[in-house]
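Protein chains: 2
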Amino acid sequence: MSAVDKQLEQIRDEIEQEVPPDIHVSDVKYEGPEVVVYTQHPKEFAQDGDLVRRLASKLRKRITVRPDPNVLTPPEEAEAAIQNVIPDDAGVTDLDFHADTGEVVIEAEKPGMVIGRHGSTLREITQEVGWTPEVVRTPPIESATVSNVRNFLKQEREERRDILERVGRQIHREEMADEQWVRISTLGCCREVGRAAFILSTAETRILIDCGDKPGAEGEVPYLQVPEALGAGATNIDAVVLTHAHLDHSALIPLLFKYGYDGPIYCTEPTRDLMGLLQLDYLDVATKEGRTPPYQSEMVREAIKHTIPLEYGDVTDIAPDVKLTLHNAGHILGSAVSHFHIGDGLYNVAFSGDIHYDDTRLFNGAVNDFPRVETLVLESTYGGRNDYQTDQEDSERKLIDVINRTTDEGGKVLIPAFAVGRSQEIMLVLEKAMRNGEIEEMPVHLDGMIWEATAIHTTYPEYLRDDLQNRIFHDDENPFLAEEFNHIDGGEDERQEVADGGPCIILSTSGMVTGGPIMSWLRHVGTDPESRLVFVGYQAQGTLGRRIQNGWDEIPINDRGNHGRAETLQLEMDVETVDGFSGHADRQGLENFVRTMNPRPEKVLCVHGDERSVQDLSSALYHEYNMRTFAPKNLETFRFK
Amino acid sequence: MSAVDKQLEQIRDEIEQEVPPDIHVSDVKYEGPEVVVYTQHPKEFAQDGDLVRRLASKLRKRITVRPDPNVLTPPEEAEAAIQNVIPDDAGVTDLDFHADTGEVVIEAEKPGMVIGRHGSTLREITQEVGWTPEVVRTPPIESATVSNVRNFLKQEREERRDILERVGRQIHREEMADEQWVRISTLGCCREVGRAAFILSTAETRILIDCGDKPGAEGEVPYLQVPEALGAGATNIDAVVLTHAHLDHSALIPLLFKYGYDGPIYCTEPTRDLMGLLQLDYLDVATKEGRTPPYQSEMVREAIKHTIPLEYGDVTDIAPDVKLTLHNAGHILGSAVSHFHIGDGLYNVAFSGDIHYDDTRLFNGAVNDFPRVETLVLESTYGGRNDYQTDQEDSERKLIDVINRTTDEGGKVLIPAFAVGRSQEIMLVLEKAMRNGEIEEMPVHLDGMIWEATAIHTTYPEYLRDDLQNRIFHDDENPFLAEEFNHIDGGEDERQEVADGGPCIILSTSGMVTGGPIMSWLRHVGTDPESRLVFVGYQAQGTLGRRIQNGWDEIPINDRGNHGRAETLQLEMDVETVDGFSGHADRQGLENFVRTMNPRPEKVLCVHGDERSVQDLSSALYHEYNMRTFAPKNLETFRFK
Ligand SMILES: [Zn+2]
Ligand SMILES: [Zn+2]
Ligand SMILES: [Zn+2]
Ligand SMILES: [Zn+2]
Ligand SMILES: [Zn+2]
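Chains W and E, in that order, are what the protein sequence lines are. Start counting the first sequence at 0; every next residue gets the next number (numbering that gives the first Met the number 0). Start counting the second sequence at 0; every next residue gets the next number (numbering that gives the first Met the number 0).
Wrong hints could be hidden among the right ones.
[Claimed, not checked] Straight-line C-alpha distance at most 25 angstroms; calculated SDA-like pairs for lysine to any residue:
1. E:Lys397 / E:Val443
2. W:Lys640 / E:Pro214
3. E:Lys640 / W:Gln224
4. W:Lys257 / W:Glu219
Honestly, the hints are just simulated from the structure, not real lab data.
Use the sequences and the hints to build the structure in full.
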């Protein structure tokens with residue numbers, strides 16, 4: 000009997016000691032980080048509301064109980080019974096029975112009402128029908144991404160169960176190493192922004208954190224081929240942890256599967272969905288620009304299939320000697336500060352990913368409170384000594400003012416924006432301003448991936464700022480559903496109509512005017528001197544957005560209908576910039592994050608910033624807080640224990 | 000045609016352009032780092048004394064010319080002709096003809112006379128008989144190690160040629176990497192002494208420098224299993240470079256072959272022989288102490304078979320992007336500061352290995368003059384702020400004095416000493432003192448591996464200090480052949496005789512009184528209050544030597560004849576310590592090495608010293624010379640380019 004099977008036997012013994020004698024445990028299995036308990040008495044199991052919690056705390060593992068297939072109420076009967084238990088207001092839109100595992104997936108508009116207080120409604124369901132309910136939210140705005148991911152996972156259920164069982168046995172394998180050490184190797188995003196990738200390794204385990212590309216620098220991918228990464232074989236990586244879906248962190252994750260990786264990806268559920276959306280778009284853009292994409296869409300599906308979603312705060316075994324906990328990072332939907340607890344109290348490392356320290360309209364500020372943490376790997380995008388941003392209130396006032404000045408003159412406001420995060424932030428500002436009468440009610444047109452990204456945001460309100468959640472949950476006034484928001488889904492015709500119409504606001508990708516529908520909008524309204532182009536996000540060196548900011552007004556518009564010949568557009572509209580809407584903490588925010596961090600880390604690695612930013616921040620943290628700080632280069636390895 | 004074969008074609012073309020039209024080149028091959036040119040006109044080739052040098056400088060490669068087998072004078076005839084060319088005084092002791100390669104190995108007491116001025120006699124030989132002569136020295140003291148190694152290599156000639164051809168093609172392979180970087184990974188001997196092992200890596204190449212054990216700390220071997228070392232497979236290592244034969248640098252090299260390594264080991268010729276001697280002794284000791292040796296003697300032979308000996312100063316291609324040059328390190332016979340020139344002027348790293356900065360009686364001081372060097376990896380054994388040693392002259396005076404005091408009273412002087420290096424140093428001091436009448440002429444008995452190690456020293460006088468070489472070469476007064484030196488080869492009987500005899504000096508291993516014949520000598524003379532035990536080398540914590548130094552006089556003597564029961568000896572002899580004979584630079588020497596280094600390196604990694612030593616030295620070099628200094632931990636990786 001293998002060590003893992005022995006361990007499962009032991010767990011089964013311990014469970015049997017804890018459950019009442021009338022409950023029969025028929026099997027115990029690992030499924031990813033969870034222990035799944037199969038029982039012929041699911042109803043009895045569900046009667047003791049505290050039993051699962053007691054087991055979890057005794058075994059220090061996550062526990063799921065599932066019915067033995069032969070004790071299940073038939074689906075037709077069960078469906079009626081379930082509908083009976085769940086209040087009508089919950090808005091159940093789908094019930095999906097999986098006889099193989101005894102799970103029933105309930106899609107509802109109000110998942111909270113399906114769950115009930117402390118899970119009481121769920122338990123009631125099991126007591127009635129034996130099935131184990133799992134609840135997902137019906138997206139309030141239809142999201143192709145969410146429904147594609149859900150359908151795909153449904154279809155791949157069996158393979159996914161195999162994957163999860165394999166991963167589970169891998170996580171709970173016997174520890175082989177007789178040494179103890181903790182190291183971080185840097186594979187990218189050191190003294191640069193882009194291609195985030197780190198290896199966290201112990202004598203037992205290797206974990207890859209992020210695997211992004213470097214936008215605008217083709218070919219500069221993370222150093223995946225070195226021996227400490229994939230050089231010794233992709234199967235030597237135990238786990239991949241993704242802090243958030245931005246492409247500079249996620250773009251090359253599917254490539255790992257092409258290289259033979261077959262293990263889990265840990266991230267939040269919204270990160271999984273946004274990752275899929277952005278990666279497919281990444282392939283699309285590559286193809287459109289005539290580049291060979293580094294992988295095919297098949298590999299994006301592999302990535303999704305291998306994702307094990309975690310919620311903020313869940314402490315999860317991801318290797319025999321590593322526990323992972325994700326915490327809100329305040330940067331984009333589902334973004335996570337990733338905390339690793341290594342060994343039995345041996346060492347703790349937190350990777351900030353990208354963070355926003357202060358609350359924004361969209362998100363709570365980043366969590367910086369941990370049970371323990373000795374080393375922090377900290378993003379430094381705005382770590383430079385002068386990288387201070389306008390505060391949010393001033394920024395909002397300025398945005399409202401520029402909108403009013405424009406629409407008063409009968410013009411239109413065109414805002415290039417990133418689909419994920421910044422667009423939703425601006426939408427919230429606009430919605431509030433119209434509600435309060437600070438700007439007139441007028442159409443806000445959303446073009447490019449913005450609508451889809453917004454739909455994903457509304458699917459996971461738990462990841463939004465507290466009071467925004469409350470509005471969505473309790474007051475039934477989801478701001479994203481405001482009638483002013485219009486999805487541009489009618490192509491050029493619709494754009495022409497908008498251009499011919501009255502005052503309005505247009506939010507369109509790409510955020511740095513490097514392609515996408517914004518180019519079309521420039522053709523439609525760029526020559527209108529009454530209208531205004533308003534930048535609300537960082538415009539990188541070399542982008543058209545930056546050039547326009549700098550005063551260029553001869554804009555090359557590549558019109559593919561015109562045999563690819565360059566056409567030049569004379570920009571007549573006004574150009575303004577409103578800063579302060581960044582998803583990144585500014586220099587002050589980064590310092591505050593560290594200063595108020597609990598506990599204060601001993602060492603900080605400053606990464607994800609250009610040379611000057613990481614050096615400035617590293618030196619400031621050293622001098623102000625007396626920590627050991629580093630500004631690593633790519634391809635280095637630091638040992639901590 | 001492979002890229003390597005194409006390159007060989009090209010080289011052949013270039014050679015044919017350079018040689019006179021009457022010389023026909025029949026083949027060009029790689030053999031290790033050398034280009035071997037086969038010709039049907041070896042005699043004509045040898046006529047132009049400058050031709051090979053011109054080819055080497057044109058091709059920037061090491062060139063060897065060999066005759067086509069079918070143009071060779073038959074060995075019987077050739078032997079007579081060769082004997083005729085070489086002066087009788089050369090003392091030829093063996094001629095060995097290898098028809099497969101047209102080489103004739105000439106063993107002679109005076110190799111210089113076989114070579115002739117600028118190689119003139121060698122060329123004369125080839126002109127006479129066509130064969131390519133190779134000269135080795137007849138050991139003036141018979142050395143089992145040297146003759147075993149030479150016989151073994153003769154016997155394995157064919158396989159060795161295969162290895163060399165494979166290595167040669169590997170060295171001259173086409174460069175595949177499109178990136179450029181230079182890194183050092185630390186696998187051992189950081190913040191500790193022992194288990195020296197580093198990986199020097201580029202995008203193209205991985206080189207292992209040293210692979211030693213940690214004496215007294217069983218199980219603390221270098222971190223070979225990490226991916227940047229052998230974790231990705233032993234065959235991913237391009238080359239092993241051995242700085243010197245001490246076991247803390249060489250002990251685990253044979254293990255690499257057990258792990259599947261099949262590439263070259265670069266070191267000096269004496270290092271190869273001493274390595275063999277010490278490794279076999281290492282296996283012996285392990286077996287005697289009841290430990291399982293990590294490899295068998297078969298693997299020591301593999302290591303010797305894969306060794307490519309280099310001379311000091313030879314610039315050698317060891318990878319497509321790495322050139323290695325070994326320089327005298329002044330530490331032990333054949334010890335080398337290893338200089339790596341990477342890329343086409345990309346970067347230069349020097350590994351000091353163990354060094355002695357000042358001249359000693361035995362060796363010239365370490366070389367610290369390089370064409371370029373940006374990073375120095377520096378041993379720090381005596382890097383602590385108070386690690387200053389008595390200077391050599393005072394030490395010698397003190398040693399002479401203690402000997403005279405002892406022998407005047409009719410006692411014997413017992414000196415525990417390391418077989419390699421320190422023993423020969425003391426031998427030279429004693430020989431000179433007797434020659435000068437500073438001490439009486441009396442027998443100096445050499446026990447343990449000292450005699451054998453001395454024999455190896457006399458085989459390679461080119462590696463000894465200039466004036467010592469001169470004495471051996473020109474004045475025919477080899478101090479190691481002094482009649483006072485007696486090899487204890489008669490076991491206990493001879494020791495008893497010596498003990499019963501008059502005043503004398505006994506040099507015996509082990510140097511730290513941890514086993515070996517010194518234990519027997521303690522039984523024989525330890526109870527004699529007229530005699531003296533004199534320590535001339537460092538006694539590590541935990542060794543019996545250290546305890547005796549500290550005043551212990553109840554010595555446990557494990558007598559295996561006595562059923563393994565511990566016997567206690569009451570030490571009656573006087574105990575004295577004479578320091579200053581270390582093979583390591585002291586703190587001043589280390590600073591001098593760096594201060595006078597040309598060019599001054601930008602960065603220094605302080606290794607091979609305990610925590611305090613590396614920190615002290617690192618901090619001193621930083622403050623005094625304003626270099627970037629580091630005291631790495633094991634398992635870290637530093638990037639330099
Ligand atoms: Zn981001
Ligand atoms: Zn980022
Ligand atoms: Zn060190
Ligand atoms: Zn040494
Ligand atoms: Zn050493």
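Hint check results:
no. : hint                : result
1   : E:Lys397 / E:Val443 : holds (18 angstroms)
2   : W:Lys640 / E:Pro214 : holds (23 angstroms)
3   : E:Lys640 / W:Gln224 : holds (17 angstroms)
4   : W:Lys257 / W:Glu219 : holds (18 angstroms)
Every hint from the earlier list agrees with this structure, and none is contradicted.
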